[in-house]
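Chemist: Read off the chains here:
Protein chains: 4
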Amino acid sequence: MIVVMSPNATKENLQNVVKKLESMNLRTHLSTGDERTIVGVIGDKKIIANLEMEMMAGVEKTVRITEKYKLVSRDFHPQDTIIDVDGVQIGGKEIIVMAGPCAVENLEQLREAASAVKKAGAKILRGGAYKPRTSPYDFQGLGEEGLKLLRQVADEFDMKVVTEVVDREDIQLMENYADILQVGARNMQNFQMLKALGKSTKPIMLKRGLSATISEWLNAAEYIMTGGNENVMFCERGIRTYETFTRNTLDLSAVAAVKELSHLPIVVDPSHGTGRRPMVAPMARAAIAAGADALMIEVHPHPEIALSDGNQSLTPDDFQKLMANLGEIAKAVGKTI
Amino acid sequence: MIVVMSPNATKENLQNVVKKLESMNLRTHLSTGDERTIVGVIGDKKIIANLEMEMMAGVEKTVRITEKYKLVSRDFHPQDTIIDVDGVQIGGKEIIVMAGPCAVENLEQLREAASAVKKAGAKILRGGAYKPRTSPYDFQGLGEEGLKLLRQVADEFDMKVVTEVVDREDIQLMENYADILQVGARNMQNFQMLKALGKSTKPIMLKRGLSATISEWLNAAEYIMTGGNENVMFCERGIRTYETFTRNTLDLSAVAAVKELSHLPIVVDPSHGTGRRPMVAPMARAAIAAGADALMIEVHPHPEIALSDGNQSLTPDDFQKLMANLGEIAKAVGKTI
Amino acid sequence: MIVVMSPNATKENLQNVVKKLESMNLRTHLSTGDERTIVGVIGDKKIIANLEMEMMAGVEKTVRITEKYKLVSRDFHPQDTIIDVDGVQIGGKEIIVMAGPCAVENLEQLREAASAVKKAGAKILRGGAYKPRTSPYDFQGLGEEGLKLLRQVADEFDMKVVTEVVDREDIQLMENYADILQVGARNMQNFQMLKALGKSTKPIMLKRGLSATISEWLNAAEYIMTGGNENVMFCERGIRTYETFTRNTLDLSAVAAVKELSHLPIVVDPSHGTGRRPMVAPMARAAIAAGADALMIEVHPHPEIALSDGNQSLTPDDFQKLMANLGEIAKAVGKTI
Amino acid sequence: MIVVMSPNATKENLQNVVKKLESMNLRTHLSTGDERTIVGVIGDKKIIANLEMEMMAGVEKTVRITEKYKLVSRDFHPQDTIIDVDGVQIGGKEIIVMAGPCAVENLEQLREAASAVKKAGAKILRGGAYKPRTSPYDFQGLGEEGLKLLRQVADEFDMKVVTEVVDREDIQLMENYADILQVGARNMQNFQMLKALGKSTKPIMLKRGLSATISEWLNAAEYIMTGGNENVMFCERGIRTYETFTRNTLDLSAVAAVKELSHLPIVVDPSHGTGRRPMVAPMARAAIAAGADALMIEVHPHPEIALSDGNQSLTPDDFQKLMANLGEIAKAVGKTI
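Chains A, B, C and D, in that order, are what the protein sequence lines are. All the letters of the first sequence, read from the start, carry residue numbers 1 to 337 under my numbering. All the letters of the second sequence, read from the start, carry residue numbers 1 to 337 under my numbering. All the letters of the third sequence, read from the start, carry residue numbers 1 to 337 under my numbering. All the letters of the fourth sequence, read from the start, carry residue numbers 1 to 337 under my numbering.
Treat the hints with caution; some may be incorrect.
Claimed, not checked - Derived BS3-like pairs (lysine-lysine); straight-line CA-CA distance at most 25 Å:
no., chain 1, residue 1, chain 2, residue 2
1, A, 321, D, 335
2, A, 331, D, 331
3, D, 68, B, 45
4, D, 195, D, 68
5, B, 335, C, 335
The hints are simulated quantities; they were obtained by calculation from the structure and are not laboratory data.
Just chain A, same shape as in the assembly (with noise of 0.2 Å):
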């Protein structure tokens, strides 16, 4: 941490800053300028990290230097990390695709579409069972009913399951029918579920907060971490801008950023990231090629009576279509689909 203080702080002001600093066992640094003092302060990063100086006379402002989290940070671990679902495996040279629709509506519903999306490509299906609305007059979601079919019909066709939990008290059920448990948006700094899942044997995909810095992002997935749970992969959504034409502004930005900063996978939403369904194939195009180790998708087999998110999903045909493109742009990158 660096203490900035101002041009008029006296010698006195100075020295208190010193002392304090210093009794707390940390070492400080002078730089003196014509205008003011900075310093330089050195020591153990956890009483660092809970410093607070700025309400000390003669201080102008304090800036700080690292970051908090450890164990997602490239830093300590500088291999990419791959996280085995179950023998699909996230992270590594193949692109995985997760799709399915929204929520879970019903077991016709939800056979077509997984149906569909395995014929092209896709290993993994998602489907929301409990869905965090809005206004509570809208549709909840189906609950642990649907949490059944989603096992049931993802069986049938081989694939995997990854699904929302929006309670801590669900985290034990969901274990049972789930392969990948969804952190929403919404849910990003709730800090007791992320607790309660650092406890939990099943791999974590933390969606970004609607505005969450990448910081934000990268500390609540070390809240994960910190519980025993190393299997996190991160998931760019969109994050919420001035922009109105779009539902969310995808940042593929942050595919780069969490590359640099972060030695965990990462996956990418555009359909929510844009919320219209003429974008989601450019937009998902790009995330390849910006790097994103996974893609996921909505389908749905009738968007047009889908009980949420319809205007944003897919049809089969159109996911067929997207998948047999992306096969090309992976390549271009050095990887396969």
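Fit chains B, C and D to the given chain A structure using the hints.
Modeler: Chains B, C and D in isolation, oriented as in the chain A frame:
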């Protein structure tokens, strides 16, 4: 709802749209312009709320006319709601001040803070026992021990207690100690927790999410009210924008917006809203002038050693000066403090 | 400036950094921690301002300590600046109100508006003769004819004129008619125009850009002041955020920020800041409570037929009521109106 | 346009609304629901464009159905526009790369940069002669001397020149040296300059404003096209969001949006879009995959001594490697480079 047909929609497209709407027992009105036809949709609001028409051939877009929330809406409840917190009225003529440290640290700190803020005129003691923190390595709060200290000190100084609930598991426990349960910004759309709070006997203070729209915020309150708990107050605490000089951007226009759209009271938190000590007083004054019913302000006896948010905490002295000044502003808008 | 070396920087990397800095006649101070070394850089500010060190091998990042603006800074000019607009003082004890229609439409409209706002207490007449409009098909203003009307009507009612300049070519012409030249949000970083206004003899009102940081805004004012024109006032008019209920998000904390960082006066425009008529009055009150020196408010005799921004314009009646109410707020913060 | 009456509008309110609309030669269609009436407005678009109905008694809100731009719209011009820049085609099968230093500094720097980027495959040389800088104390560019160097070096290497115009006064001068005139983000809504560029004989590259919506951006292009200049290309260069890890948030979904709404070509600038050297290559790949027609990339022979934006400039080596890799991506989307 209004369905806007695209300029190149066929007659058949239009017939299919009308047929679908009528099959759901909705009525339609057509406006035919030179370039496109617009379909007005009339009927049962719950059916309309779940309509997804944009996937149908020939549909360009749809426009929703009415918000989904009802119980929180001023349309359904024109008079201001006054919430009685065990004798302290929030939402009436008197502006109520909640004050205290960000986190409860120990008995001495809390007693010192409570003594000072009570003397200056605060009626409700604030303090976090469970702290949602960005990093797992930051101080997470004293837990139940903190709740006990809050209750003990509040009773000693004849104050009420407001404190944050971070997990729906804790609600029952917290009801034993607190008078108002606070939902933090990160949990504003933790819908399972909101539903559980709908069953609580305590008033709820619902902070606005970091990037929540006014509409999402009101819908979140609707989750609590549909559960049966009518004592909900809002708390504006700053939204996330591109500006970095302040910790958040305090949106005081949200006060006027909530007053227009809802009958529920609104609190303003200029401490988190700005994150900078010198800004707390001017923003507290502005909040009252804008029509806020209550203020929530961080006060720490020794901000320079606070375990969290020291940079934005007032000293007891600062707070005393601020309170002395607020009376005139309150009077100017026809209130007392 | 502080240069933070990366944990795996070599000794040679560090030597090269120091050598480069010293070759530019800058002094360095090293703080060596367990993981990384930090280099404090001291010396001529203009040289430091142009330093780009992040490309050098071993450098992780750099942190700038000081802002580049000087003339606008309160550090260099501790007392508040009061701007004299031909006898009307902005920045002193009296809160000045600027009011009038968004666009000048014709003599009758302007005279009706001026008569009403003058009677209610406004001292400065606002009105656009050149209108920056999103679409080329929108009304673009009356041009010089509008300027003439403004001057004629202002003189008739003994008022001053503020109006927007949209092109540096127009500055000389506008000086013949206006008392304050306004720079609109879209031109806040039209640096050629700012430089030209630095040579103007008229006071400048610099509106904040739609997504300008406080720092960029102050730097824009520095462009004007370095040209020799010391009479610059800021105008907060709302920033662009994700919220769509209001036209913009009025950032009243910017008032406190500008007061802390600069000696120049600040005006608040609650009309553009909210874009909604019922919000103008509460936000005008809040602006004064936050410390604003002046207000700018749109008033149109017949908002329902206004050629622009009718939705946010007050009627003369609304305005009269608002003004009657502002005196008490002004008094509460030690001012008059 | 649709006018939504409020639930408590009177019959008279409704009659007045209809009367006003009919007095302007507009036709109306009424849809009467249980709670409110909706008025569809049909007729001359220019009249509708200027309607302001929200001030009328009983009106709750209005909803605009159609965008105002026409010439830029794909509705009016379904085929892709290809812009011929003196033999280099932008918008066709071949992806064009523009590269060079942020600012022109001297002959040697520019020649070194041009030689490298030409060899790697760039066809257009970029470089700023007039630099819009946040602070008046930053390097402002070489002016006409810079233009001369650009022309000389481009001719030497058989390249075209793109450079930024910051003042409408300079347009004629710049036409003597440049092949494409760039409008920077800060001037995207400098409408006087846009109008003047509508009279230029040179193609225009219109960068997206820092917080411009897609709609505002297309309307800005409409300003140029209504002047008679049909050779307009867009350039996405990142928008301003709350994220600070990157300089801006590169919005690649804007590429798909522009392709959907307009027939004009779109360029992507991953250098300004990210502000971080390691992100330029992945974002350049992603831009092509998303459908971009061209790329603009900063390359500096010695980024560590660049007078501006060194942190985001590639070295000639980096650039060479990137270009070698882009061919495969281009092929995957049916293009060449």
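Chemist: Now tell me if each hint is right for this structure.
Modeler: Tested hints:
no.: 1; hint: A:321 x D:335; verdict: 18 Å, holds
no.: 2; hint: A:331 x D:331; verdict: 11 Å, holds
no.: 3; hint: D:68 x B:45; verdict: 32 Å, violated
no.: 4; hint: D:195 x D:68; verdict: 17 Å, holds
no.: 5; hint: B:335 x C:335; verdict: 20 Å, holds
When the structure is compared with the earlier hints, a violation turns up for hint 3 alone.
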